[in-house]
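Going down the list, the sequences are from chains A and B. Going by UniProt numbering, the letters in the first sequence line up with residues 1 to 498, in that order. Going by UniProt numbering, the letters in the second sequence line up with residues 1 to 400, in that order.
The hints are simulated quantities; they were obtained by calculation from the structure and are not laboratory data. Please note that the accuracy of each hint is not assured.
[What the hints assert, rightly or not] For the chain B half of the interface with chain A, some residues (derived, Cβ under 7 Å), not all of them: (1) Glu-62; (2) Gly-84; (3) Gln-86; (4) Glu-141; (5) Lys-144; (6) Lys-151; (7) Lys-160; (8) Phe-245; (9) Ala-302; (10) His-348; (11) Gly-352; (12) Glu-371.
Every value quoted in this text rests on a predicted model; they were computed, and no experiment measured them. C-beta atoms are modelled at their ideal positions from N, C-alpha and C, and glycine is treated no differently.
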Amino acid sequence: MSGLAMPKPDEATLGRRATIVADLRSIVPGEGVVETVNEMRAFESDGLTAYRQLPLVVVLPETVAQVSRVLKYCNDRNIRVVPRGAGTSLSGGALPLEDAVLLVMSRFNRILGIDYPNRTVTAQPGVTNLGITHAVEQEGFYYAPDPSSQIACSIGGNVAENSGGVHCLKYGLTANNVLGIEMVLMNGEVVRLGGKHLDAEGYDLLGLMTGSEGLLGVVTEVTVRILKKPETARALLIGFPTSEQGGQCVADIIGAGIIPGGMEMMDRPAIHAAEDFVQAGYPLECEALLIVELDGPAVEVDHLIGAVEAIAINNGSTTCIISNSEEERLRFWAGRKAAFPAVGRISPDYYCMDGTIPRKELPRVLAGMRDLSQTYGLRVANVFHAGDGNLHPLILYDANVPGELDKAEKFGADILRLCVEVGGVLTGEHGVGVEKRDLMPEMFNEADLDQQMRVKCAFDPNHLLNPGKVFPQLRRCAELGRMHVHRGQVAFPDIPRF
Amino acid sequence: MTTFTPTSPAELLSAVQWAVAEEAPLEIVGHGSKRAIGRPLQTENTLDLSKLTGVTLYEPAELVLSARAGTPLAQIEKLLAENGQQLAFEPMDYARLLGQEPGNGTIGGVLAANLSGPRRLKAGAARDHILGIHAVSGRGEAFKSGGRVVKNVTGYDLSKAMAGSWGTLAVFTDVTFKVLPAAETEVTLAVRGLLDDNAAAAMSLALGSSAEVSSAAHLPERIAARVADGMLGNEAATLLRVEGFGPSVTYRIGALKELLRHAGPLQEIAGETSEAIWRDVRYCVPFAGSDKPLWRVSMAPADGHAMVMALRMQSAVEVFYDWQGGLIWLSMEMGEPEDQLVRAAVKHFGGGHATLVRAAPPVRAAVPVFEPQPPALAALAHRLKAEFDPSQILNPGRMA
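I would like the entire structure built from these sequences, with the hints used as guidance.
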């Protein structure tokens, strides 16, 4: 691991391993406990493969009661737990700890209910994102959030990460499409938040759980909203001589009151890599390529295609191709969807970043990245969810060259600092995990982080669930709980009082 | 009795710090437009945010607006309208229900009460559009959460956690919302004369189509006459709103007419009449001008009518439905808020929650206004409150 400090393993827990394994076997019988090094290898990292660690033991429960008993057992004995869904996290959210039980939810893989009148699907958390759509697509429905890992990532993991995708500008993130969950707290208590109704009562703990990266509870059931598929979808492929013009085109489309189903941008290195890989027919002489997808009834899509085309020409587009068939639309997307593996072909390794910026800052951030690229001597290719300002710079490096991973990580950190500097954030959809953990103070001051930690204290006061993730520094809840004001010692400026 | 009226976040911070030091609870108010919701407070001191105002950032092309928490909602809606934009979640105004002057309310109050309107079905509530907050906790600590960009998973989403917390966790100083283009046009298709169960079926059919219905309400017989100056007449009206670009709206209304051709007599309503109808649904006008106890019930949309039917066997009730039937405004004819009756019925038909949004103070002191939670969940909420407001300074007891 390149300089990443994880919580110091608890020697007592390591020493009791055999007992813990035996106890866990009594809770989850059969093949639900995996403890040999060879078998545990499969779980030693998630999608952020630069970091690897074998867990203490792997547990694969099958019932909510087992999850509850495992967590209560660990809570009572001060044993750490790392929850894991499909293990596709790009930020190391499911990275195991040496002294922690890895709680794998993959056996929770059943759809529990489909309710068309209420347009909901209720599923166990291990069902894949695409599995939900597959369950309802024959009736013409689908689940809108579509992270690029949707074939593999689990709906429980989507809740933990508040996953997005290319359609979230129009259809929202996971948080906007989840209606209810059942979850188990670290103390073993089972609680339900929301349901099939539209707004949950009391504090919005569902909103808080969504995107909490497995630090607050383990999701055991999810109810999501499904939507009827749009009647048609068409896309435009628009090339620009400069990224400024591409950025202005995006602003003008939104300024015209149009919210496309998807709006993606690629820079020259990404365009070339993608075109070389899948021959999508991308124009190679442009600096910025925009894919704009409009969906809805044909009459609406045709109307908006014309409007977007006019805006593109007005912004000096050098190419503007409109899809005339489903094959052509999919071909436009093929290059974008293959952008990551395409970049993988031109470099031994790449490191994917995930900052979000106010869209108008795109030219400044791209220029800054070019400078950083020279400073670090590493190439960078950019794909960009243009509608919502979410950047995915891909830093090209070679892990076999000593020091290059380290350099790539420093480059990435500088890009994220730049994102924060222009009013953006560290991560748009991949999560903080371990990857961006130590950058949190770039965005939040100590008081901000203290409030977040207090949430943690309400859910898991002993910091047993997924420790070492998200927060750069763990502070004891008792210490955080102290009040720092004393009677009579507070300054009173001149506030109007009556 | 002290009323603090801060004009800057720094002054607000000082006021809360004073309250923490003195262990003197505060009632947090903006315009006080929703003051009559929740358990009555008995605090001596008031923190009045009505002078903490001003839009601090509005970038239409970026779809983002930030304002001080005390900024009037009306001012923000006007500014957005001038730019062809809106708060897509249509925050409701409780004034007409609570016997107040309409048009008040602050943007901070919108978030604190997690307001929404008929477009909730398609666009969500305040919690779905909040991007970031600056706030002061009940410990007297200023903090921020979120940011000004739409896609952001950096840390816990405290902005959402505080949506609907009715000022009991922290006091907002600034809020940042996502804003969206306003629709070019709207048309409403009304199916007339349906009973509640047939209306629920018609709404399910419409929402399950690709017509992108943005709002669906059912006004039973006699209730229908109470909106839009009686323009709908007495007959029950099942209302489906379609919004968007002109040609698209025309096409989708056509598709709905075909879909619902056997459902009942159809009526197309456009322009100002359509807008007036949805405004009155949003503001719950059918139950305005009375002080009779009123429940706001949220449950699975398709199951609402069955719950009402069951309730009717035990007590005379008057209702209308929004959100495809998932939001039920319900008034008991006997005049007493039968909380156990209502809540048992909701639970029996799949669960949800019932809030007593209108009742006299003694009733609100005796009957739980907000849905009581199961023990483990209540304990969790209590722990969260204790973390953010350990000495019970902020709106103590309001949600109890």
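Taking the hints in turn, this is what the structure says about them:
1. Glu-62: With a minimum Cβ separation of about 5 Å from chain A (threshold 7 Å), the hint on Glu-62 of chain B holds.
2. Gly-84: holds (6 Å)
3. Gln-86: Violated: closest Cβ of chain A sits about 10 Å from Gln-86 of chain B, beyond 7 Å.
4. Glu-141: Glu-141 of chain B check passes; min Cβ-Cβ to chain A is 5 Å, inside 7 Å.
5. Lys-144: holds (5 Å)
6. Lys-151: Constraint on Lys-151 of chain B satisfied, holds at 4 Å.
7. Lys-160: With Cβ-Cβ at 3 Å, under 7 Å, it holds.
8. Phe-245: holds (6 Å)
9. Ala-302: Result: holds, 4 Å to nearest chain A Cβ.
10. His-348: violated (14 Å)
11. Gly-352: Hint holds; Gly-352 of chain B Cβ to chain A Cβ min 4 Å, cut 7 Å.
12. Glu-371: Status holds, d = 4 Å.
Checked against the numbered hints above, the structure violates hints 3, 10; every other hint is satisfied.
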